[in-house]
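Work the whole structure out from these sequences, hints included.
Number of protein chains: 2
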Amino acid sequence: MPSLVNTLIEQVRGGRRRSIGQLITRVENGDVAAKEVLRELYRDTGRAHVVGVTGPPGTGKSTLVNEIAKTLRRQKKSVAIVAVDPSSPFSGGALLGDRIRMRDLSGDEGVFIRSMATRGSLGGLARATSDVVGILDAAAFDVIIVETVGAGQAEVDIARAAHTVIVIESPGMGDEIQTIKAGILETADILVVNKADRPGADRTVKALRAMLQMGASSGPLRHHGQIMATSANPDGAESAQPGWIPSVYETIATEGKGVEAVVETVRSHMSYLNSSGELAKRELAQSRRKIDAMLQEAFTARLNNAVEPTEMERIVAAVAERRLDPYSAVEQLLNGVPM
Amino acid sequence: MPSLVNTLIEQVRGGRRRSIGQLITRVENGDVAAKEVLRELYRDTGRAHVVGVTGPPGTGKSTLVNEIAKTLRRQKKSVAIVAVDPSSPFSGGALLGDRIRMRDLSGDEGVFIRSMATRGSLGGLARATSDVVGILDAAAFDVIIVETVGAGQAEVDIARAAHTVIVIESPGMGDEIQTIKAGILETADILVVNKADRPGADRTVKALRAMLQMGASSGPLRHHGQIMATSANPDGAESAQPGWIPSVYETIATEGKGVEAVVETVRSHMSYLNSSGELAKRELAQSRRKIDAMLQEAFTARLNNAVEPTEMERIVAAVAERRLDPYSAVEQLLNGVPM
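So the sequences go chain by chain: A and B.
This note's numbering numbers the first residue of the first sequence as 892 and each following residue consecutively.
This note's numbering numbers the first residue of the second sequence as 892 and each following residue consecutively.
Among the hints, erroneous ones may be present.
When chains are identical, the list treats them as one kind, so a pair holds in a single copy or across two.
Derived SDA-like pairs (lysine to any residue); straight-line CA-CA distance at most 25 Å [said to hold, decoys possible]:
(1) 926 / 1221
(2) 1097 / 904
(3) 1097 / 1063
(4) 926 / 1191
(5) 1097 / 948
(6) 1097 / 940
(7) 1148 / 1136
(8) 968 / 996
(9) 961 / 1225
(10) 926 / 1187
(11) 1148 / 1091
(12) 926 / 1194
(13) 1148 / 1175
(14) 967 / 896
(15) 926 / 1093
(16) 967 / 1188
(17) 926 / 961
(18) 968 / 1191
(19) 961 / 1156
(20) 926 / 1205
(21) 1148 / 906
(22) 1148 / 1192
(23) 967 / 1172
Bear in mind the hints are in silico, worked out from the structure with no lab data behind them.
The following block contains the structure:
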């Protein structure tokens, strides 16, 4: 193994910030050497508590994440923040709410902040985020907060990779609650109504509690890991025990109000995961998803290697023009793939 | 080729309803012989006008689809309706709004109705729907209406496979407009506010027009095929010409009001697709997606064949427990796949 790689591994393990940043950039750029480093670092992962934070824009998410980080810092825990913006083409540095973030947290050696954005596909972003979390885990951060904007498939994928998922709302966003209901609410372990001093906060809290109730009464919906249980993924099968019941918290992040209760619940959620055996189940499901995604990637790479782009175009055109059926086309293509 | 298959092919080509139904059931069940038939029928496809109809539950979608079908029948066009319900585990017969549908359309030889539901994965449903559309296309139906409920990824995938996409809203569903905005609105060629005699219809029409305007001003968003253009799919590249501008129509489907204007726009959209060259582009993109999906399926099948489930479980557990890194795991798995 080249000594550059070995050095990088040692420096990341030692928590050297600059090396961590360099390795993340290499991962984002699809650097081959980075894969070697990730492979070596993998045995050092699985120790951090990964917390996903998501919700619509305008809910004060970044401010709340900063306050959570500050609370954790007072408890002497090291914190890494990965801010993921699927709608932004820019990576590196700090992007989401970066001015406030920098003012509050910069200069603290126990905090690491990184922004990530879409390069190519959303699926690729979920993969890259998972690799970055692995790096920060190996670098021995106690808590890794993954912050995402929005409520799409990318957010659900990213949330799934977290141990604890916090979903944020703010008052008067009745419309967005609908959006969240579609896919994010089912993954929430903790719900927060931020800007709780604004008019309509009670209504939002009630609406969220009603949704939780609805979910609870319809069986598995409310149970953590529900998405896996209803998908075709066999490792998502769940026992019938009640499990974790999400609660709704109110915060005023700009004044730091209500944040400690949220942080305390984050901690008790990890205790629940440990004692219930849910943590081991989630690690299994997560490993399975990771392996599946990497297998698909490897297959696509081999296919792209074996089939010339012009050949692919020729075949696609023949299918579009009904000169060739897609079943025969796929057979032709697979014959050329050494695998 | 077995004569059973040959007979089935001839009967489907001849539009024999019972054979069409049998072949669809075989496709849904993953029958191997069905693949042979689909392969043979493929050259007969590409003639029907495929119309996707989607929108939230409660908008009167099924009633509107029935009225569109009746209008097309008056114009002497044969119509097939495929009703897709991703939330239902039942297939076969007619399900979505079936009572009204049966009363209005049954007994007409120029109409074929079929319901499809999730068996296993949502991706599988999109694939099966595409195969069923192919069968009905080969059976020489002039128009194939694919009706889906909801606003998730499955609906977007299914909508993409249509030539013309109609998105339905109804008054006072402000919340659902948000949901639609997330992924469906961008695929809409025609927007319909049904139940237009209800209070709030004007508001809904205005809200949809405002959304279209927003999309138009932000460039490619409003351009048909936008999803492909912003995805990693290279064949979705679009020219800068304005293209098709979606309009918002008002209907009262229960009274048949406003339906003819919608049907007329469906027809003129196909003229646009033909004259602009957009049809050929969409056929190419659709062929590419179909081939990609089938390649992934073939890969998964070979992998499942080569790797015992217990072996897979062992490897996933080793990765979850950090005894094995996922990169090495994937290498091990791929070594066993003869491809």
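Verification of the supplied hints:
1. 926 / 1221: between (30 Å within a copy, 13 Å between copies)
2. 1097 / 904: neither (45 Å within a copy, 57 Å between copies)
3. 1097 / 1063: Close inside one copy (12 Å) and across copies (21 Å); limit 25 Å.
4. 926 / 1191: Both ways: residue 926 and residue 1191 sit 17 Å apart in one copy and 24 Å across, limit 25 Å.
5. 1097 / 948: both (21 Å within a copy, 24 Å between copies)
6. 1097 / 940: Neither, since 30 Å and 47 Å both go past 25 Å.
7. 1148 / 1136: Close inside one copy (23 Å), not across copies (48 Å); limit 25 Å.
8. 968 / 996: within (14 Å within a copy, 67 Å between copies)
9. 961 / 1225: Neither: 54 Å inside a copy, 45 Å across copies.
10. 926 / 1187: Classified as both; 16 Å inside a copy, 24 Å across copies.
11. 1148 / 1091: Close inside one copy (18 Å), not across copies (40 Å); limit 25 Å.
12. 926 / 1194: For residue 926 and residue 1194, both the intra-copy (20 Å) and inter-copy (23 Å) Cα distances are at most 25 Å.
13. 1148 / 1175: neither (36 Å within a copy, 55 Å between copies)
14. 967 / 896: Result: close neither inside a copy nor across copies, 31 Å intra and 71 Å inter.
15. 926 / 1093: neither (49 Å within a copy, 56 Å between copies)
16. 967 / 1188: Neither. Shortest intra-copy (39 Å) and inter-copy (49 Å) distances fail the 25 Å Cα cut-off.
17. 926 / 961: neither (33 Å within a copy, 59 Å between copies)
18. 968 / 1191: neither (41 Å within a copy, 42 Å between copies)
19. 961 / 1156: within (16 Å within a copy, 58 Å between copies)
20. 926 / 1205: between (34 Å within a copy, 23 Å between copies)
21. 1148 / 906: Cα proximity of residue 1148 and residue 906: none, with 31 Å in one copy and 68 Å across.
22. 1148 / 1192: neither (50 Å within a copy, 53 Å between copies)
23. 967 / 1172: This pair counts as neither: shortest intra-copy Cα distance 29 Å, inter-copy 58 Å.
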